[in-house]
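Visitor: On the provided structure of chain A, position chain B as indicated by the hints.
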Amino acid sequence: MPIGPTCIFFMNISLSITDLPSVLEINLVLSLVFFILAISVISLILYLRVHKNISNHRKDKLDILLIDFINNYLFNDDFDKSNEMVNFKNKHLKTTLDKQVATKQILVFAENLKGESSAVIKEIFYGYGLYDFLIQDLTNKAWFRKARALNVAYQLALNLPSSLVDSLINAKNKDVRQQAFFYFLHRSTDNPLGFLDKVTTPLTLWEQIHIENGLKSYEGETPDFSNWINHELISVRVFSMKMIADYNQYEHTPILLEFLNHKEHEIRLQAIISLRKMEAPEMIPTLIKKFSRESIQIKQEIFKTIGRIGHVEDLKCLAPYIQQEDTVLKVEYLKIARHFNPRISAEKIDEFRNITL
Amino acid sequence: MNFNLFEFIDIASLLFLTYGLIIISGYIFLALFSFLELRDYKRKYNFRDEVPLLQSSHLPKISVLAPAYNEEANVIENVRSLLTLDYPSFEIVIINDGSSDNTLQSLISTFDLYLDDVLYFPHIHTKNVRGIYSSKQQSYKNLKVIDKENGGKADALNTGVNCCSHDIICCIDVDCILERDALLKLVKPFLNNDKKVIASGGIIRVANSCIIEDGRIIEVRLPDTFLARAQILEYFRAFLMGRMAWSRVDGLLLISGAFGMFDKKTVIESGGYNPNTVGEDMELLVRMRRLMRDKKIPYTVSFVPDPLCWTEVPQSWKVLYRQRNRWTRGTIETLGLHKGLLFNPKYGVLGMLSTPYWMFFEWFAPLIEFAGIIFLILMFLFGQLNLHVFLIFFGVVYTFSILFSITALFFEEFSFQQYKKPKYMVRLLRTAFLEPLLYHPFVMWAAVKGNIDLILGKTSWGKMTRTGLSNPSKTKPK
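If you're matching them up, the sequences are chains A and B in order. Using my numbering, the letters of the first sequence correspond one by one to residues 1 to 357. Using my numbering, the letters of the second sequence correspond one by one to residues 1 to 478.
Just so you know, the hints here were simulated from the structure itself, not pulled from any lab data. If you're wondering where the values come from, they're calculated on a predicted model, not measured in any experiment. Be a bit skeptical, because a hint or two may be false.
As the list claims (entries may be wrong) - Derived Cβ-Cβ restraints for the label pairs, each shown as a range:
| no. | chain 1 | residue 1 | chain 2 | residue 2 | range |
| --- | --- | --- | --- | --- | --- |
| 1 | B | 195 | A | 52 | 34 to 44 angstroms |
| 2 | B | 455 | A | 326 | 41 to 51 angstroms |
| 3 | A | 21 | B | 42 | 41 to 51 angstroms |
| 4 | B | 122 | A | 282 | 34 to 44 angstroms |
| 5 | B | 180 | A | 50 | 29 to 39 angstroms |
| 6 | B | 25 | A | 201 | 31 to 41 angstroms |
| 7 | A | 227 | B | 88 | 21 to 31 angstroms |
| 8 | A | 52 | B | 117 | 53 to 63 angstroms |
| 9 | A | 163 | B | 295 | 39 to 49 angstroms |
| 10 | A | 201 | B | 61 | 18 to 28 angstroms |
| 11 | A | 326 | B | 61 | 15 to 25 angstroms |
Cβ coordinates follow ideal geometry from the N, Cα and C atoms, glycine included.
Isolated chain B, as found in the complex:
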């Protein structure tokens, strides 16, 4: 019996080690590709001047789609901010997804809206549209508000796709803060590519604690809470290392739902956002890529390294838990719906690299990690846990975690250096050391619970309460 237990421990240890080595190699490749991409970006940055292009009448028109559900408190300020984006021709389409508060009434009264008898073709099936509103005022002529029955974010976006006027759509979260030139930068890949571009995305940044005036970030500040800082590190890892690298090998599977631009025709042809999944952003992109591959049309998905969109990250553990739980369910649902891609050479990088990566590193990683912890507890309970063994295993995981976060911090320092004050860097480094101990286990548990909830049939989004992006300088004396 004892011999068998030792054998089991050896095999399990070897398996964990092999998995760990694969994950480590994967991350090293990601870091390498990201570095190359960032280096090229920096080199290009030196001699480009795109502002004069805003005068061109040949830039394609863009429809900005922003679903709003119970956003009464901030929707007016957010729409005003969107209306001042620097781009020659665009429309803002706000989709009121059956809000139970006064979102619609606020919009109607503030922007002087009237019920417009707009003709549109429902390419994608959605919940009933109650009405489409336009403004009587010339200054808001590019604002359209759609009022519809509640059907969730995916359904709201699909309604926007049906009703919008232009061929390029930019889907955003209404509470996001966009840089003034965000549309121009995000549309560039669509115009400057030999292949058909079906989507492009940008880096999402954390807006918590930043100084905001008139819907614009005027000073980047580091949040005071550990939770928000840990998410900043996570966003660095995800965007500066993960997506940059995937973009280099044209293997992006996800354009963030908070800010992404799409070719409308391809979206419609793919069937639009899937309202039956909580990971609609990822699922849509995978379906679009699959469609292009199946039709053998050369295409690409682009990623713009500039920080173009700022968002508020969860400030409470409860909300973070719901968000991560949902992200996990969304990932699994998407991988399940597109299991045909997995290791399918027909889909190239998508089938041989991206999908396996998402499965093994994004879906399985928290499960394997959790299994590792259970394994350690069992060894402890059976009196087989050697302190040295534990410390060595813990040491390798911990040191790699901080190495990965610190490398992401280095990339930030190398590229954008948004957190300029030295004390910010010190606090971020401190967070990098604490994050694997305090933050990561929680996120891992949320992901494990996401798996369990999916098996139990949970399909809800979970309430996402936000504290709002108030201006710290106004709320707190310096």
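Same shape as in the complex, but just chain A:
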């Protein structure tokens, strides 16, 4: 199309646009805004892709340099450690990304090296000035930077100022709180669960599992879990009861037996589960005695317990306490009855009314 007529065409359009009713004018403006935004988002996608590629390329390059440097530092006797360290730091660790990459690489080495080498890895960490970087993260307001700092600190077995870490045990953000737990657990030399004394927020099951997992790699003496059995938080008490069973601390069986009569439902429930795990048949008379007053959940645990460590006579003692309409419990009862006598068929459920109230 020649230039002259094209200009006239567009001028006509623009003239007719100014004559448009307001509804259409708004629509036209919106179309333009959306179009510009769409182009901007496409540009953003392209930028993100290019930026990710560039930073990945940089990370890969820096990783190679770091691996080379750390290997030399660890194994090359002719390596001029102090000078090379300064050179490397000034030349390659300028940006936050560089420091993050270096920290990650050091963590990889730390995971694979033990003993003296692991102390040298820490030396490199300090030499790179990454400890200051970590403290910066820890004092930052952003929760994810705090959590990241704690994570690095416990993985590298670094000591952090208690003034900065103590309060994080009860941090509002769950991830920070969890990383603080792991930090204290891994950094402790004699009391890995000491931080539980300061905990004021209930432990979630996920946190309990993480702590349990952290304890597996703890090299010191196994803690006496009864220390937290009277903690003000029920979740901490439940956790310590679980650990008593997991670590077979049979000396605490009497305390768990007492807990069968505890006023808190969760504690009674966990006491039964822990005692069952510890194969403590002495709890069965108490369970039979309390059966009729318990919740369905506890009743089901009682059935399981009798099935695991009790006798068929114990089970029969419970039958009179099962209400006729309590069909769920009847099925649970019969499951255990069948466990004791595998010949009982499903049809026996019809005969159940003979043995209940």
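Guide: Same frame as chain A, but now just chain B:
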């Protein structure tokens, strides 16, 4: 007469504009909340290592329920894949929903099953159970197969709920491909929450054209067909923007039937899946939420942003039409059954935001769009259609559609970046430009037809034929 027509056009235009502005504002909020959620997810991802937790004996046991209807061709491979999930304690419950092919026989012979006299309590009424099978082999001891009379997906899942052993259930489509750590990631919200978690769901991804080996996705590829690519964009919009945002405000109304985890007790207490609706997944969650609200129990529904489940999307227009028609009917049925929630402050976000959103944006949107098209045709027929007016209206709808899809693409790029090759991104961008013209009108028509079918009393699911997730590298030379 002419004056009245102009007045009518003005009023209609204003109404469409107002609706459009509300929808646009809604989507902008969704995008904003999703972005915040994705950002937090990315930040958490940097320092979590959950693999060692798989050794814990304190993780709750999970029952994975998978209904199977005429799945003879793939069921064995799918069950084998499920049996290798990374989780310390779980059972797989396959519910053979009265298949007319050899699904049951294949399972019996492959897994060495025998008729087990399992005791269970039928909490929820279901069709007759013919038998429950267990394996004689120790390696398949966590596999249970239930054979029952045909009653539909909801009925099959209810049977699974009745017969399964554990307190947390994970309901899946048997042909879905789960990531190895899917159960651990989906169960996490149940364990790491101050409130009671009644359900959690994850992002569903499109598996068409992906390279699959031993029931696992080993390479993510972009499908060759436009139809599948358009659905990828749709899934990005639905999961990365929609559900992420609703999860942030605790307003999720739907956990996909393809992959969701539930608290069994709450499911039973709510009465289980409703076999009288074709949108049983959404209906169950709404009922569960309602129950918790009515009982004044603090609760939440969680959403995990990780891509944990891969599914095959319809490859033909016919199957897609049936699927969307059914989804629409399911949505309307659920909204109808729970109309008491609408603008009811007693239900909080659920009543004041989620339900109105689903009604106005999910149910009404295709109807209003369709009405808009009819309006344009009428204007054209009456000689009132001005080309400028048409182009401007079309322009605003079209540019917003592509903006929304491209924003979803940006979220994918920002978060997971599953489609790594640059050519994939270019093709997805091209699809985003074509989708509002070629794909969207079809989906809109399927939804409109869903409304009509519901009024006409259609209640069937519609046959969902799948081409199967074959490995492209094996079927096609590179």
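Visitor: Could you run down the list of hints and mark each one as holding or not?
Guide: Consistency of the hints with the structure:
1. B:195 x A:52: 34 to 44 angstroms: 36 angstroms, holds
2. B:455 x A:326: 41 to 51 angstroms: Holds: the Cβ-Cβ distance is about 45 angstroms, inside 41 to 51 angstroms.
3. A:21 x B:42: 41 to 51 angstroms: For residue 42 of chain B against residue 21 of chain A, whose Cβ atoms are near 46 angstroms apart, the range 41 to 51 angstroms holds.
4. B:122 x A:282: 34 to 44 angstroms: Given about 37 angstroms between the Cβ atoms, the range holds.
5. B:180 x A:50: 29 to 39 angstroms: Because 32 angstroms falls inside the window, the suggested range holds.
6. B:25 x A:201: 31 to 41 angstroms: Once the Cβ atoms are compared, 37 angstroms apart, the range 31 to 41 angstroms for residue 201 of chain A and residue 25 of chain B holds.
7. A:227 x B:88: 21 to 31 angstroms: 28 angstroms, holds
8. A:52 x B:117: 53 to 63 angstroms: Between residue 52 of chain A and residue 117 of chain B, where Cβ atoms are some 58 angstroms apart, the hint holds.
9. A:163 x B:295: 39 to 49 angstroms: 45 angstroms, holds
10. A:201 x B:61: 18 to 28 angstroms: 27 angstroms, holds
11. A:326 x B:61: 15 to 25 angstroms: 24 angstroms, holds
The earlier numbered hints are all upheld by this structure, with none contradicted.
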